[in-house]
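*Asks:* So you can see what is in the structure, the chains are spelled out below.
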Amino acid sequence: MIRGKVARWQSGNTYRITLPLCLLASALTACSRAANDTSTLRFWAFGREGEVVQELVRDFVRDHPGARIRVQQMPWSAAHEKLLTAIVGRATPDIAQMGNTWIPEMVTLGVLAPVGSRLPDSSYFPGIVATNVVDDTLFGVPWYVDTRVLFYRKDLLARAGYAGMPETWDAWREAMLAIKRTMDPGGYPIFLPINEWPPMAILGLQQGSPLVTEEGFGAFRQPAYTRAFDFLLSLYRDGLAAPVSNTEIANLYQEFARGSFAMYITGPWNLGEFRRRLPPGLRDAWATAPLPGPEGAGSGVSLAGGSSLVVFRASRHQELALQLIEYLSRPEQQAKFYRLTGDLPARREAWADSALAGDREAEAFRIQLERAVPTPMIPEWEEVTTKVMDHTEAAVRGGKSPSVALAELDADVDRLLERRRFLRARRAAGTP
Amino acid sequence: MTRREGGAEARAGWGFITPAMLLIGVFFAIPVVSAFVLSFTDFDIYSIGDVGSTRFVGLKNYADLFQMPLFWKALRNTLYFVVLGGPLSAAASLAAALLVHSKLTRFKPFFRSAFFAPWVTTLVAVALVWRYIYHPQYGLLNAGLGLVGIGPIDWLGDPRWAMPSIILLSVWKNFGYNMLVFLAGLSSIPEELYEAAALDGAGAWHRFRHITLPMLGPTFVFVGVVTMIASFQIFSEPYVMTQGGPLKSTTTLVLLMYEQGFRWWRLGLSAAIAVVLFLLTLGGTLLQLRLQRSTTR
Numbered sequence: 001m002i003r004g005k006v007a008r009w010q011s012g013n014t015y016r017i018t019l020p021l022c023l024l025a026s027a028l029t030a031c032s033r034a035a036n037d038t039s040t041l042r043f044w045a046f047g048r049e050g051e052v053v054q055e056l057v058r059d060f061v062r063d064h065p066g067a068r069i070r071v072q073q074m075p076w077s078a079a080h081e082k083l084l085t086a087i088v089g090r091a092t093p094d095i096a097q098m099g100n101t102w103i104p105e106m107v108t109l110g111v112l113a114p115v116g117s118r119l120p121d122s123s124y125f126p127g128i129v130a131t132n133v134v135d136d137t138l139f140g141v142p143w144y145v146d147t148r149v150l151f152y153r154k155d156l157l158a159r160a161g162y163a164g165m166p167e168t169w170d171a172w173r174e175a176m177l178a179i180k181r182t183m184d185p186g187g188y189p190i191f192l193p194i195n196e197w198p199p200m201a202i203l204g205l206q207q208g209s210p211l212v213t214e215e216g217f218g219a220f221r222q223p224a225y226t227r228a229f230d231f232l233l234s235l236y237r238d239g240l241a242a243p244v245s246n247t248e249i250a251n252l253y254q255e256f257a258r259g260s261f262a263m264y265i266t267g268p269w270n271l272g273e274f275r276r277r278l279p280p281g282l283r284d285a286w287a288t289a290p291l292p293g294p295e296g297a298g299s300g301v302s303l304a305g306g307s308s309l310v311v312f313r314a315s316r317h318q319e320l321a322l323q324l325i326e327y328l329s330r331p332e333q334q335a336k337f338y339r340l341t342g343d344l345p346a347r348r349e350a351w352a353d354s355a356l357a358g359d360r361e362a363e364a365f366r367i368q369l370e371r372a373v374p375t376p377m378i379p380e381w382e383e384v385t386t387k388v389m390d391h392t393e394a395a396v397r398g399g400k401s402p403s404v405a406l407a408e409l410d411a412d413v414d415r416l417l418e419r420r421r422f423l424r425a426r427r428a429a430g431t432p
Numbered sequence: 001m002t003r004r005e006g007g008a009e010a011r012a013g014w015g016f017i018t019p020a021m022l023l024i025g026v027f028f029a030i031p032v033v034s035a036f037v038l039s040f041t042d043f044d045i046y047s048i049g050d051v052g053s054t055r056f057v058g059l060k061n062y063a064d065l066f067q068m069p070l071f072w073k074a075l076r077n078t079l080y081f082v083v084l085g086g087p088l089s090a091a092a093s094l095a096a097a098l099l100v101h102s103k104l105t106r107f108k109p110f111f112r113s114a115f116f117a118p119w120v121t122t123l124v125a126v127a128l129v130w131r132y133i134y135h136p137q138y139g140l141l142n143a144g145l146g147l148v149g150i151g152p153i154d155w156l157g158d159p160r161w162a163m164p165s166i167i168l169l170s171v172w173k174n175f176g177y178n179m180l181v182f183l184a185g186l187s188s189i190p191e192e193l194y195e196a197a198a199l200d201g202a203g204a205w206h207r208f209r210h211i212t213l214p215m216l217g218p219t220f221v222f223v224g225v226v227t228m229i230a231s232f233q234i235f236s237e238p239y240v241m242t243q244g245g246p247l248k249s250t251t252t253l254v255l256l257m258y259e260q261g262f263r264w265w266r267l268g269l270s271a272a273i274a275v276v277l278f279l280l281t282l283g284g285t286l287l288q289l290r291l292q293r294s295t296t297r
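Chains as they are written, first to last, in this note's numbering: chain A, 1 to 432; chain B, 1 to 297.
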């Protein structure tokens, strides 16, 4: 096991001797010039993707004599910090995997190079592409995609008299009430942890809320979000969802198997987890469905998540980096990537062409991805999500009235975005 | 003539201290001063892209900080750690030192090394082991408590137990260093004092109370101050064990500073936390020195 890891590391790292020397003599330019002659692409990738990318780029290197790719794999938990440190220290790589919610921030910092018209337009999901566009310029090419759908127990829904998942909020709510009536006391139709922000944002997006306004204010007191918030709170109030965080249940999969809850809004990584962890007897008892919407299926939007591939402005091998992105975006590479990681491919062709085509549970994701929309594209978004959770918890568990909770949420978000508004005003005034 | 020699001596003196002063200046004075200045600016992620967009905001960071519920929670958590963890750690060190120093103890070098071992091991490796110890279902600690009929406790998952768990780990990890300090203090107490006391009929407790403790006075001052400063800076234990959770119950001031600084990149606010922490630590140290001076007199 350990030997295998070492061997892989060694075979992957063609620079294992010269790298320390380069670091040692970093003041001298000789080393970096030597590296330039052979066109070494420095590629940062994160988590599981970082482990498999080595294997994906092997053929690319064979087709490009003189090109070398040095993949640096790092855990997701350290990725963001490492990127910002690299930016401050002017040591960015040539190409990197980038969670698409980080792109606005990287563009603000001015470190990404536009990827031009390299995108084969129509084969990508439009909502996902939108997360890569800032001021009409494309800064990333979607690599794999991610959204949230409903995972649900077909058998529990059937027991309550439903053949399939309803498509409107009203019918969805009716179904949950019906399931609740068939459940033991202590059972809840839907698992909606108060420390997971995606459902809170999704319901707002479904009502057409921008969440954060163009001018840089919270939009949580506007009618669109208020409607979503009322719906969300009613689920807790009527006993359809337990007001708990996801750390308060021992084992999600056991509870789902036991029937403690019948629905859960979650992402593609759970396809594999549900298949692996649920008892074999339940193999056909669960399914996935696109999210219901307030006005029916079309309004049932969800988050446009995933990772893109980006090129850094400081890179001296931008052309080669773009070629590598094109290579990794080929449908057959995308299909191979799916087989290695379980990450959903960004291109529609890869869905027709792989194990995905006949996958019933993945089908809900394909439909949902056509209705995926970006969250507000501002660097502060992640911090805004923590405020959304804090104030939702205050309304659900702390007994705050909805209007007070939303007013406080807006006040918090306005405070967070003060700096953004200042810069916006300054830019509008024309001072550099 | 003599004046010139004096000048040469002074020059030589300056020559000797210049390297040290330069190092202190570059690696201590400049960072400290810039952190202080930073705490009055709104330096954040936008400043990294364009330093020119940074503004001086006066005391706004401090005002924001004092309005932030999480700051007060972090302060409470830190004080909890300082007040409970510090004395516990010092007591454990003293107890270990007394055991190792005792004339009845055999294999002294072995025990001294064994007790000192946790201090030199890396926390990250140790944390892995302790996570197993604290595991609610398979952990050693709950298994042991189960034998005497105490129900399973979710050590790191329960907001009430998380901080005590961190304190226990930290005490175990750090008592070795202070044990060595106490050992040094103990070995400097003249044996005659004990002999004279024994002749006068003093028992073991009285010898400890009236000879050992007073003679260790200066050692206590050192241990107390150093332990308190270290406790105020508690960071790695919660960072690797709980990341500040559950429900922020192990978020300490330094962890909050780290989060604000390197997760949200509000370096201005983060620097303000650093200044507040510095003042707290300074105040605590002065208070402790004064208290101990008045008790030793």
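Hint data in this document are derived by calculation from the structure and do not stem from the laboratory.
Be aware that a few hints might be false.
To be verified - Distance condition first, Cα-Cα at most 27 Å in a straight line; then the derived DSS-like pairs of lysine-lysine: (1) A:Lys400 <-> B:Lys248; (2) A:Lys82 <-> B:Lys103; (3) B:Lys60 <-> B:Lys103; (4) A:Lys400 <-> A:Lys180.
*Asks:* Decide, hint by hint, whether the structure agrees.
*Replies:* Against the structure, the hints come out as follows:
Of the supplied pair hints, the one linking Lys400 (chain A) and Lys248 (chain B) holds, its CA atoms being roughly 20 Å apart against a limit of 27 Å. For the suggested pair Lys82 (chain A) and Lys103 (chain B), the alpha carbons sit about 54 Å apart, so the restraint of at most 27 Å is broken. At most 27 Å may separate the alpha-carbon atoms for a hinted pair to count; Lys60 (chain B) and Lys103 (chain B) exceed this at roughly 60 Å. A C-alpha spacing of about 26 Å is found between Lys400 (chain A) and Lys180 (chain A), which places the hinted pair at or below 27 Å, so the restraint holds.
The structure fails to meet hints 2 and 3 from the earlier list, while all remaining hints are met.
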